[in-house]
Amino acid sequence: MEGGETRTDGNAIAGVLQEVFVREVTTSRIACAGCGNVEPIGAEHAYTQAPGIVLRCRNCDTVLLVVTQAPGRNVLAFPRSRWIEIATD
Amino acid sequence: MARAAVLGRLNWTLGEVTELIDETPRVRSIVLDVANWPGHRAGQHVDVRLTAEDGYQAQRSYSIASAPEDSRLAITVELLPDGEVSSYLFGELRRGDQLELRGPIGGYFVWEASKGGPLLLVGGGSGIVPLMSMLRHREAAGGSVGARLVYSSRSLDDVIYRDELQELSAGSNGPEVFHTLTRSQPPGWTGYARRVDGAMLSETAWPASSSATAFMCGPTPFVESVATALVLLGYPATSVKTERFGPTGG
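Top to bottom, those sequences are chains A and B.
Per the working numbering, residue -13 is the first one in the first sequence, and the count goes up by one each step.
Per the working numbering, residue 505 is the first one in the second sequence, and the count goes up by one each step.
Chain B on its own, in the form it takes in the complex:
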């Protein structure tokens, strides 16, 4: 067993739901107590598996939202139309329930404070989740690494972790946070109000000469257009790390 763990064998395990946090009307965080959780790095994900009484199974990947330093594991899930897994996680899951999962998974889309910075994070919609793990990790590590977040949401009500991002950015070593609201903006909105583009990134991203590492996560077209724009701004392709959601099966 110990040897298997060293070799990296993924084993399904159970986590107990200790808290459900409604982040927006369509997004919920699930906080889990997982016995013998081996720890994770910011940016990794877990696979969640549901099994029906007749044995039918459905499996999805969810990014870890909590920092490695946090005592409990948290994932954040978006409710998708007709999503067979997300609709269960929204409609049926209760505190005290057990959820089957395995992980942590992944190693490419990962940031550790010891790697230094500066750090550029660009998120679209629920693509913020692994980036939030990085920001929480950065904060827990003392916040000495410069960090900027460019975060695209449809409307103010769709901004996930809104209060926490506000608090983080108000801190003395806090990240700089730039919001853009693509579909509707409240009266008096002073942030951006369009899709992330090269002009916006030239105003918000670290200059290419800063040797920043960039992480972007969101729907496939979002991630690919942002990555292309950053390379046009002079970021080396190797310092631009992407995670595409693709067509989430829900």
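Just chain A, same shape as in the assembly:
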């Protein structure tokens, strides 16, 4: 998908991700199941204009993570990510 000006990055969805993970995760690394690229979430591409929030691999555009917000809950999907590294302090 050619995002053009609708593209932001993981920083833009830091608040929503912190709601979901109950901690700061933009420095956490995520591995793409499409190309194997590993990046901090903050460096990946994000699209926030859709009904859900979509995080895509900055290298190959594979969908890594989707957050769908609904009243009273967030639904988290990992279509094509291999792992996320979350610090334990």
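Derived by calculation from the structure, the hints in this document are not laboratory data.
There's no promise every hint is true.
To be verified - Far from chain B, by Cβ distances over 10 Å, these chain A residues were calculated: (1) T(-8); (2) T(-6); (3) R9; (4) G58.
To be verified - Using C-beta positions, here's what the derived DEER-type ranges look like: (5) W516/B / T48/A: 31 to 37 Å; (6) V8/A / P691/B: 52 to 58 Å; (7) N60/A / D701/B: 40 to 46 Å; (8) E596/B / D75/A: 37 to 43 Å; (9) S715/B / P57/A: 45 to 51 Å; (10) T48/A / G620/B: 30 to 36 Å; (11) G675/B / R59/A: 48 to 54 Å; (12) N60/A / G600/B: 32 to 38 Å; (13) S618/B / D75/A: 14 to 20 Å; (14) E520/B / A36/A: 46 to 52 Å; (15) R59/A / Q602/B: 24 to 30 Å.
For glycine and all other residues, C-beta sits at the position ideal for the given N, C-alpha and C.
Given chain A, put chain B in place with the hints provided.
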């Protein structure tokens, strides 16, 4: 409650507006007194939420402009055409009002003086805001880290924090500041007068061999072209940190 804070749960809180500063005709800083503000790092942002009488809510992210060392929290907001949140923050908000916010948010686009430098900052328009927090933080920490700012604005009147940048750069340990004005330039302008490009960065950026950390913030096409140019100049992609504004919903 204390445990929730440790775990990083984001809670909405209220800040009282203590000052409104018109930076340019379309840009305003909002200074807030937030009880129990946990502190922030330069580059982080806050979410601001407005609630209408009928319960309708609108939420936006704004970069923090103040330094961690500053006593009060400041955000800087650009008035966007048809922006439902920014038009309220411009037209309706008064000193003494309460604003609902949560934060600080983010950790990737963050700089701390203890990380050292040199520091390269490249800002487009209101993308200067988180970079200003970094420069203010650098100044508060003694200014020992080398810093350069390349800042693109449409015209001189659109330069946010113009006087403060002038003062900072005139200081003995001040950052080097390079302005470019892309649409109109005053008579006698000696700065750059075009969009930031590879040639401009080769003249202004630290050489790649300096192991500089680069932060760039602005509209998506601006950030992506600057990041690409820096990588072509030899900056490792991991030392180039980007924050894209994207289509700001206003």
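These are the hints, each one checked on the structure:
no., hint, in the structure
1, T(-8), "violated (6 Å)"
2, T(-6), "violated (4 Å)"
3, R9, "violated (4 Å)"
4, G58, "holds (14 Å)"
5, W516/B / T48/A: 31 to 37 Å, "holds (34 Å)"
6, V8/A / P691/B: 52 to 58 Å, "holds (56 Å)"
7, N60/A / D701/B: 40 to 46 Å, "holds (41 Å)"
8, E596/B / D75/A: 37 to 43 Å, "holds (41 Å)"
9, S715/B / P57/A: 45 to 51 Å, "holds (48 Å)"
10, T48/A / G620/B: 30 to 36 Å, "holds (35 Å)"
11, G675/B / R59/A: 48 to 54 Å, "holds (51 Å)"
12, N60/A / G600/B: 32 to 38 Å, "holds (35 Å)"
13, S618/B / D75/A: 14 to 20 Å, "holds (19 Å)"
14, E520/B / A36/A: 46 to 52 Å, "violated (36 Å)"
15, R59/A / Q602/B: 24 to 30 Å, "holds (28 Å)"
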